[in-house]
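Same order as they appear, the protein sequences are chains A and B.
Residue numbers are given in numbering that gives the first Met the number 0: position 17 of the first sequence equals residue 16, and the series is strictly consecutive.
Residue numbers are given in numbering that gives the first Met the number 0: position 136 of the second sequence equals residue 135, and the series is strictly consecutive.
Keep in mind that the hints were calculated from the coordinates and are not lab data.
A couple of the hints might just be wrong.
Mimicking SDA-like on lysine to any residue, the simulated pairs with C-alpha atoms at most 25 Å apart in a straight line are [as the list claims (entries may be wrong)]:
#1 B:Lys195 with B:Glu211
#2 B:Lys68 with A:Thr57
#3 A:Lys29 with B:Leu83
Small disclaimer: the values here were computed from a predicted structure and weren't measured.
Each chain, written out:
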Amino acid sequence: MVLYTIVPEEVILEGAEEVCASQEIVYNGKRILVHPIDFKSFKIVQLISSDPSDFLSTDFQPGSIITMTM
Amino acid sequence: MYTDKDKNQEKPADQEQEQEGKTVAEGIQSIQELGQIRVPTTDSNLHAMTIVGQIEGHMILPPQNKTTKYEHIIPQLVAIEQNLKIEGLLIILNTVGGDVEAGLAIAEMVASMSKPTVSLVLGGGHSIGVPIAVAAKHSFIAETATMTIHPIRLTGLVIGVPQTYEYLDKMQERVVRFVVNNSSISTERFRDLMFKTGELARDIGTVIVGKEAVNSGLIDEVGGLAPALSKLRSMCRGEA
Chain A
0 MVLYTIVPEE VILEGAEEVC ASQEIVYNGK RILVHPIDFK SFKIVQLISS
50 DPSDFLSTDF QPGSIITMTM
Chain B
0 MYTDKDKNQE KPADQEQEQE GKTVAEGIQS IQELGQIRVP TTDSNLHAMT
50 IVGQIEGHMI LPPQNKTTKY EHIIPQLVAI EQNLKIEGLL IILNTVGGDV
100 EAGLAIAEMV ASMSKPTVSL VLGGGHSIGV PIAVAAKHSF IAETATMTIH
150 PIRLTGLVIG VPQTYEYLDK MQERVVRFVV NNSSISTERF RDLMFKTGEL
200 ARDIGTVIVG KEAVNSGLID EVGGLAPALS KLRSMCRGEA
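Please put together the full structure from these sequences, using the hints given.
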């Protein structure tokens with residue numbers, strides 16, 4: 000990976016070791032990668048879909064938090 | 000948030016409040032997570048895409064970085080290209096650069112779209128933000144916005160082996176070629192800006208502001224939101 004940016008690399012990569020692994024779940028019929036926040040909420044990391052229109056939906060934007068209802 | 004008094008109210012009002020509460024909560028969440036607010040939606044035939052912070056590529060960057068994820072942007076571009084309701088794309092840039100491959104991927108996707116595209120550089124469009132800005136069919140820069148043009152390098156003063164230098168030189172060549180092919184700047188002029196000394200404190204290169212970007216041929220016009228939108232609308236109508 001080559002970074003081409005005006006921000007120094009040490010600033011960008013600070014805390015890089017702490018990034019935890021993401022989990023793959025199916026939510027509303029779509030496969031997504033999430034980071035668990037607590038036992039019932041997750042933060043979306045990536046949407047895995049071959050339907051381009053899914054990526055325009057605001058429900059699956061990376062960073063959105065989803066809460067599972069039991 | 001809800002008290003018993005609220006619950007005792009008639010149902011429609013309660014539902015309305017609940018709905019409102021939900022929208023507010025969603026709004027707050029999108030401010031926290033994406034730094035964006037959700038505005039009332041009206042049907043628009045134009046789509047606005049913001050490219051902010053670091054352009055994230057093959058590696059997930061630590062959470063203190065504000066990032067634009069290319070794996071989300073690329074399918075969005077596919078959706079915009081094939082969606083019949085979307086007639087034009089406005090790309091709003093305020094980026095410090097990022098991954099070369101991710102940035103070039105976005106730039107190539109934008110450049111190969113058949114729909115009218117207009118880019119607007121606000122604040123900054125640095126490093127790999129430059130090819131993305133020029134990828135649109137017409138580009139605008141705000142009067143106060145800056146673009147930093149500098150060489151691609153690894154951190155550190157000394158490059159270890161000649162192969163590393165050649166590899167970086169090749170990466171750089173891809174960026175230079177893309178920018179030259181997609182704007183009216185000449186290779187010589189772009190290289191001059193890239194290797195200029197005495198402009199940046201810690202690096203070689205140049206910071207160009209607003210009008211200078213237009214004078215050098217990199218960007219088409221100085222302007223803000225209204226000129227960018229009216230240009231995009233006229234391009235959608237088939238005017239040049």
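Tested hints:
At most 25 Å may separate the alpha-carbon atoms for a hinted pair to count; B:Lys195 and B:Glu211 meet this at roughly 15 Å. Between B:Lys68 and A:Thr57 the alpha-carbon distance is near 15 Å, which keeps this suggested pair within the 25 Å criterion. The straight-line distance between the Cα atoms of A:Lys29 and B:Leu83 is roughly 23 Å, inside the 25 Å bound, and the hint therefore holds.
Hint compliance for this structure: every hint is met.
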